[in-house]
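Line by line, the protein sequences are chains Z and U.
Heads up: the first sequence begins at 0 in numbering that gives the first Met the number 0, then just goes up one per residue.
Heads up: the second sequence begins at 0 in numbering that gives the first Met the number 0, then just goes up one per residue.
Rather than coming from a laboratory, the hints here were simulated on the basis of the structure.
There's no promise every hint is true.
One copy or two, it doesn't matter: identical chains are merged, so the pair holds either way.
Unchecked claim - Straight line, CA to CA, 30 angstroms or less: simulated DSSO-like cross-link-like pairs of lysine-lysine:
1) Lys134 / Lys30
2) Lys157 / Lys333
3) Lys58 / Lys169
4) Lys169 / Lys180
5) Lys157 / Lys30
6) Lys373 / Lys180
7) Lys206 / Lys157
8) Lys139 / Lys157
9) Lys206 / Lys58
For clarity, every value in this text was computed on a predicted model and none was experimentally measured.
The lines below spell out each chain.
There are 2 protein chains.
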Amino acid sequence: MRPASRDLMRAINQFNVLNTIRTAGSVSRTKLSEITGQSRASVTNITARLIAENLIYEKETRDSAHRGRRRVLLALNADAAYVVGIKLSAFRVSCAVTDMQADIRSSIVMPVRTSERPAGFVADLIEEGVRHCVKDARLKMDQIAGIGIGVPGFVDRKEGFCHWTPLYRKGERPLRDLVEKRLEIPTTLENDANAVTMAHQWFGDGKGVQNFVVITIEDGVGMGAVVNGQLYRGATGVGAEFGHVVVAPGGNLCRCGKRGCLEAYVSDFSILAAARKIYADLRWECPSRGELDLEDVMDAARRGQPELVRLFGRAGRLLGQGVAGLIQILNPSKIILSGQGVRAGDMMFAPMRAVVAEQCNPTLHDATEIVIHKWQDTDWARGAASLVLQALYKTPFEKIRPVI
Amino acid sequence: MRPASRDLMRAINQFNVLNTIRTAGSVSRTKLSEITGQSRASVTNITARLIAENLIYEKETRDSAHRGRRRVLLALNADAAYVVGIKLSAFRVSCAVTDMQADIRSSIVMPVRTSERPAGFVADLIEEGVRHCVKDARLKMDQIAGIGIGVPGFVDRKEGFCHWTPLYRKGERPLRDLVEKRLEIPTTLENDANAVTMAHQWFGDGKGVQNFVVITIEDGVGMGAVVNGQLYRGATGVGAEFGHVVVAPGGNLCRCGKRGCLEAYVSDFSILAAARKIYADLRWECPSRGELDLEDVMDAARRGQPELVRLFGRAGRLLGQGVAGLIQILNPSKIILSGQGVRAGDMMFAPMRAVVAEQCNPTLHDATEIVIHKWQDTDWARGAASLVLQALYKTPFEKIRPVI
Numbered sequence: 000m001r002p003a004s005r006d007l008m009r010a011i012n013q014f015n016v017l018n019t020i021r022t023a024g025s026v027s028r029t030k031l032s033e034i035t036g037q038s039r040a041s042v043t044n045i046t047a048r049l050i051a052e053n054l055i056y057e058k059e060t061r062d063s064a065h066r067g068r069r070r071v072l073l074a075l076n077a078d079a080a081y082v083v084g085i086k087l088s089a090f091r092v093s094c095a096v097t098d099m100q101a102d103i104r105s106s107i108v109m110p111v112r113t114s115e116r117p118a119g120f121v122a123d124l125i126e127e128g129v130r131h132c133v134k135d136a137r138l139k140m141d142q143i144a145g146i147g148i149g150v151p152g153f154v155d156r157k158e159g160f161c162h163w164t165p166l167y168r169k170g171e172r173p174l175r176d177l178v179e180k181r182l183e184i185p186t187t188l189e190n191d192a193n194a195v196t197m198a199h200q201w202f203g204d205g206k207g208v209q210n211f212v213v214i215t216i217e218d219g220v221g222m223g224a225v226v227n228g229q230l231y232r233g234a235t236g237v238g239a240e241f242g243h244v245v246v247a248p249g250g251n252l253c254r255c256g257k258r259g260c261l262e263a264y265v266s267d268f269s270i271l272a273a274a275r276k277i278y279a280d281l282r283w284e285c286p287s288r289g290e291l292d293l294e295d296v297m298d299a300a301r302r303g304q305p306e307l308v309r310l311f312g313r314a315g316r317l318l319g320q321g322v323a324g325l326i327q328i329l330n331p332s333k334i335i336l337s338g339q340g341v342r343a344g345d346m347m348f349a350p351m352r353a354v355v356a357e358q359c360n361p362t363l364h365d366a367t368e369i370v371i372h373k374w375q376d377t378d379w380a381r382g383a384a385s386l387v388l389q390a391l392y393k394t395p396f397e398k399i400r401p402v403i
Numbered sequence: 000m001r002p003a004s005r006d007l008m009r010a011i012n013q014f015n016v017l018n019t020i021r022t023a024g025s026v027s028r029t030k031l032s033e034i035t036g037q038s039r040a041s042v043t044n045i046t047a048r049l050i051a052e053n054l055i056y057e058k059e060t061r062d063s064a065h066r067g068r069r070r071v072l073l074a075l076n077a078d079a080a081y082v083v084g085i086k087l088s089a090f091r092v093s094c095a096v097t098d099m100q101a102d103i104r105s106s107i108v109m110p111v112r113t114s115e116r117p118a119g120f121v122a123d124l125i126e127e128g129v130r131h132c133v134k135d136a137r138l139k140m141d142q143i144a145g146i147g148i149g150v151p152g153f154v155d156r157k158e159g160f161c162h163w164t165p166l167y168r169k170g171e172r173p174l175r176d177l178v179e180k181r182l183e184i185p186t187t188l189e190n191d192a193n194a195v196t197m198a199h200q201w202f203g204d205g206k207g208v209q210n211f212v213v214i215t216i217e218d219g220v221g222m223g224a225v226v227n228g229q230l231y232r233g234a235t236g237v238g239a240e241f242g243h244v245v246v247a248p249g250g251n252l253c254r255c256g257k258r259g260c261l262e263a264y265v266s267d268f269s270i271l272a273a274a275r276k277i278y279a280d281l282r283w284e285c286p287s288r289g290e291l292d293l294e295d296v297m298d299a300a301r302r303g304q305p306e307l308v309r310l311f312g313r314a315g316r317l318l319g320q321g322v323a324g325l326i327q328i329l330n331p332s333k334i335i336l337s338g339q340g341v342r343a344g345d346m347m348f349a350p351m352r353a354v355v356a357e358q359c360n361p362t363l364h365d366a367t368e369i370v371i372h373k374w375q376d377t378d379w380a381r382g383a384a385s386l387v388l389q390a391l392y393k394t395p396f397e398k399i400r401p402v403i
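Let's have the full structure, built from the sequences with the hints guiding it.
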């Protein structure tokens, strides 16, 4: 149990001030005092400290509503700190440097297949990626306050390793420690869907939303949930495994060994596997050479290839069944669909929406906004960077390394 | 936003002390200081205040491990306050008086069917029940610190009324206000499954558990969830509607108008409706006279009536499907099954457990304990009383009415 002390009180009030400036963009001291409920004196003290530490700065504007009177607003110094985000995927390692506002300063994607390779190999790749990106952003390594790594699988965040991941062989030392040793920068390891969820909470569609869910559709189907304003980790620290909710009992065999999981119908992997079988029989005209990829499949479906249209339709309906259950159980105000797989668009999401409407209580249905997030390749890495950024906002003076 | 102030700090520390005494049963000041992390001086101050207010008392014991040395322990004064819990059901109104430890001092069940009656009629019944129970417990009305009412349906707790309930007609004034006016005692209205969940969190199987779910099986199927130590209310304030998760798309028509809801297979109401149809055809030997009730159905199933065994088996498997989804999505450390319907026992829960094991990831499955709570008729009313009690623990000095 943590006693409520003056230090804790100060940390909470300071976080509230810094966070309000971040959310507002720029804001006056009077307004800060109004929003945070703190006295003018308290706001003056805290902001003086934040300015001294170079985390925020004063900017003057002319107030057009008051005959051009001078006004002093406080804004975040985006260059107060830089962090690196890494995302491990089945066929690539992505890396991005961001500033304090999660804006990307440089990024790189390394198309490497890491599965079956040892953790040390992955740590070497990460080291290369980080050094390249930092140089590309015209920064020095000692300007990087922290590294966040997002990886699919069951992550033990505290110990910095994966209980299970399809992407590399677990070694004797946790991946986090291997990266920390190579780069001498504090590093955090987290489930990739959780990382993207935090990015949405801090810098995206989830800003200011107390209860929302992010579903990521890619090689697998992931989920992260913010509940009462906090990332939800459940009993095991793993959180949700939405991709393995059984929506078709006795149905398709999933990579996890069960039958009828959502992931066995909706993930890029399963769509592609089913499409390749169909292609082997039907051989529709396909412009790309070599093995069929997901873009080819989506193209052919958009041009109306009936078997493929059915494939996306079934995926959408089963996804709708899962999402409806989610709404009934969690009643979130927002569900954000994200990941490469959202490029299937209405082929998948129109049938999904129809099933959600059919299977939800009208009250709960109307209370939940479903957002299809326009996916960018840097989103995963930005999510991983957010892991570090949100820790910086919470205790900025302890964690930020000196910026030279 | 609420600024962290000295008052808030004091309230948190005081709550932690009182709550630690409640959880421990009896505890020394030294141990209190250890558990709460507060200084000895802070613990001494807070406990002095709690003793002066008669909320706790000192009891002396002899410590056998230290040659019978005198030790002073602090314990909760169960008689520091009394509250009343009310539960509205389809065919009865239950009422119970409890002390500060949620022990029942008196209770009554009034077998009245309230559906289609106006809210004023229900308030009259509640008034009768409260006056009767309080007298029965040899208390006076002004010794009652508060009344909690649990009701199935979509409850707006803040405004004290139901958006929708099957149990009475919404009047011009909220039910809570009608009761408060009649009895002049602060009253709280809450969804009944949420109330039972709070009772488990404060006084039952959920004590000290950060993430757990309560599923109530009775006339309907309800659910309450504690997430990160807090009752989860979702986006609409309603929280979960587990009973209306669709587990059999296109299946049985539910009272809510949708098809294939869990409630349409698992609730007492749906089991009874299906059993009556079977009975009309098969006419097995039934000892009770008059219309078949749930006890008759359970008896006949236990004696092996095959159609009924199949009925409970199907209900159990579909419940298992819902519970498996819940585990995949919420990863709670405990699921507590409660309500009258749990008397079906293994006829329903053995097939449920089989499906849960089949449809869950092993890691998540093993992390979730499924508890079948031995149901008592006073559990609902005790749950409603807990609504008031937990508020008392949080701000005891503001809320407790003088005990004469």
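Here is what the structure says about each hint:
1. In the homo-oligomer, the alpha carbons of Lys134 and Lys30 never lie at most 30 angstroms apart, since the shortest distance is 39 angstroms inside one protomer and 55 angstroms across protomers.
2. Taking the shortest alpha-carbon separations for Lys157 and Lys333, both the intra-copy value of 29 angstroms and the inter-copy value of 23 angstroms come in at or below 30 angstroms.
3. Proximity of Lys58 and Lys169 under a CA criterion of 30 angstroms is satisfied in neither setting, with 50 angstroms inside one chain copy and 55 angstroms between copies.
4. Only within a single protomer do Lys169 and Lys180 lie at most 30 angstroms apart by alpha-carbon distance; the minimum there is 17 angstroms, versus 66 angstroms between protomers.
5. In this homomeric assembly, Lys157 and Lys30 come within 30 angstroms of each other (Cα to Cα) only across copies, at 28 angstroms, whereas the closest approach inside a single copy is 38 angstroms.
6. Taking the closest pair of Cα atoms, Lys373 and Lys180 never come within 30 angstroms of each other, the shortest separation being 36 angstroms inside a single copy and 54 angstroms across copies.
7. Taking CA atoms no more than 30 angstroms apart as the test, Lys206 paired with Lys157 passes in both settings, with 26 angstroms inside one copy and 25 angstroms between copies.
8. Taking the closest pair of Cα atoms, Lys139 and Lys157 come within 30 angstroms of each other only inside a single copy of the chain (28 angstroms); across copies the shortest separation is 54 angstroms, beyond that limit.
9. Taking the shortest Cα distances, Lys206 and Lys58 sit within 30 angstroms of each other inside one copy (24 angstroms), while across copies they are farther apart (51 angstroms).
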